[in-house]
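Those protein sequence lines, which keep their order, are chains A and B. Residue 58 in my numbering sits at position 58 of the first sequence, with consecutive numbering throughout. Residue 1186 in my numbering sits at position 186 of the second sequence, with consecutive numbering throughout.
Hints are computed from structural coordinates only; laboratory data are not their basis. Even glycine gets a Cβ: it sits at the ideal position worked out from N, Cα and C. All clues stand as given, with none of them false.
Pairs of lysine-lysine residues, derived as DSSO-like cross-links and limited to a Cα-Cα distance of at most 30 Å, are as follows:
{"#": "1", "chain 1": "A", "residue 1": "Lys48", "chain 2": "B", "residue 2": "Lys1111"}
{"#": "2", "chain 1": "B", "residue 1": "Lys1073", "chain 2": "B", "residue 2": "Lys1111"}
{"#": "3", "chain 1": "B", "residue 1": "Lys1108", "chain 2": "A", "residue 2": "Lys24"}
Some chain A residues flagged as far from chain B (calculated, every beta-carbon gap over 12 Å):
{"#": "4", "residue": "Glu13"}
{"#": "5", "residue": "Thr17"}
{"#": "6", "residue": "Asp19"}
{"#": "7", "residue": "Ser93"}
{"#": "8", "residue": "Leu129"}
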Amino acid sequence: MQTKPDLTSDIGEILLTEDEIQAKVAELGARISDDYAGKRLTLVSVLKGSLPFMADLMRAISIPVRIDLMEVSSYGGTTTESSGLVRILKDLSASIAGEDVLIVEDIIDTGLTLNYLIRYLRGKNPATLRICTLLDKPARRLVDIPVDYTGFTIPDQFVVGYGLDYGEIYRNLRFVGVLRREVYASGAEG
Amino acid sequence: MTDQTRPVSPAFAHASEAEMARILDFYGIAWEYEPHTFPILWNLDGDVVESFSPDFYLAELDLYLEMTTLRQKLVRKKNRKLRRLRELYPDVRIKLFYARDFRALMLKYGKLALADALTGTAGQAAPPDDLPSEHIAEPEPAAAPALEADLEAEPASSATMRRTASRRRRRRKAAAAAGAPTHPPDRPGNE
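Isolated chain B, as found in the complex (with noise of 0.2 Å):
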């Protein structure tokens, strides 16, 4: 059911976002937005330095959504943080909508001209200062990913990526020896 009790909607980053929460609730599909944050990257020390957050979470469907209809260069690294979501938390239903995906929507719906003033930078609402991270274009990585998943993540040097990959199999080995839950990371807010 919808929630009828949420007081006001939420500071979408971009106008189709908006566009989907009302199309969900036209549909009476309950929904969250950007409620959960997956960690995808850990520094050296063990810090989160890159995480990944959803646009919407469907409870009673047990399934996120992420709206893509930005620019190619951003699609691209929503491409790879989801491949790295999907590594990590397998058991997460994801759903990835992209631009033609948003246009066909709204074609069925005879609204073809809203997603064409929608869809891309037109449709970005002014970026607040705590903008999410996946909303914020960043430099896509240099080289091409050789040794494992890790590699894929953000931009840095070959051996420093080496190297965190290296530490983290190592301290994965120690935890499980330990007993202690491994890899991957508890779904925050989720349990």
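Same shape as in the complex, but just chain A (with noise of 0.2 Å):
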């Protein structure tokens, strides 16, 4: 009989169970909820990563929402090689221009997809944008960026789980962990 394999006998540490990370995003609904109360609110998920973040957040938040999805190249991909810019491969898909924006982030470390998309939203001419991530590794930030609402701000460890991956797996685990460096490392090699 075939052994299954276990994802989470990858990981080192778990650093926020399950339980932590919905309390945190039950908070995180409840003040968004309070600040954008009688206004007009479109969320904007950063896919892959935020998607299940995405999921839980919108259904925390008790005023009305708009959701909108968004996915940009990342360096080293596969898609980047030729032009060696960073490009948009799902736009939003209504317009922002006058609403009042949150970019929701699973994680924020270097800042520099985050500062490309603040660029580029602001040049739709939203009425306010600001930033809700559920992660903030700060040792690793490179541009700083004023951010509203943080879940947790976590150390120096690179983590998977809740969206977070690592070779596009590892996303569907419940919790945030420490991937294991034996992992990483033999990927290195191959």
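Grab the two chains, each in its own frame, and use the hints to assemble them into the complex.
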């Protein structure tokens, strides 16, 4: 009988449990609901990592919200070799001009992608543009970006789960964990 | 915005710097390679004897980046230079990018194998004759500094360094009394 691969065995340490994440998401949802009461809020999720966070956060917000999705190419991806420039792989499906917009991110580390997104979205003339991230890894920051809503500030470790991946794997874990060094070290050798 | 008019890439001292330049280009962050040199040590005659040229300047972020993916000995030297720079130029924002930072960045972009190839001496370009001073291995000071930050700098006898510090203090006092701008000196090319 074939053994099923166990994703959790690749995790060295669980940094945030499912319960901790859900409690924080509820807290963020309540804060956002208060801050945007009476306003017309659009949540913009940045694929793919923020998908679980977006799904939970939007349901933790009690005011009416619109949602939209964006995806940008990442450095080192197969689509980047020819142009050498970041590309919008999926753009917004509706105008955000005059809208209150909240970018929903899974993690901010260098701030490079978010910096690009902010400049891009500002060009679409929203009334306000704010940022909500589940995880903040300030030790890696290159571009200082003011973050309006932060779930957890985490140490400088490579984390996966709850949307975060390594090689497109581990996104479906319900918790956030530190990936064992052997997992990516062996990948580097190959 | 990225400077699309940049004619050719500069001659990077290390392959990791070239990779960082590509990352910055990718995300539309304009950069300059070693555009400014900061004097950090003067001799008894007031001549600059040591300076520091951070690898990158990101103008729109007003941030300098210094890559230190080299040998540990050089990392110590850069750390010392960075401390000196921060003492003399407290308004200059600079981030030191260690080998572990570079590896983490490459891991994030799924290019860890490349990081291993670019990190350390393997990633160094053949040094040209006019390589900036911070890229050249120099001996560390033999003894721990005792007096002030000046003594952390280039190797010299303790007596010489104390004389230098004392003379510079006197010069600063005199310049201050005369109402002249003193220390730190102007940022070259950055006004």
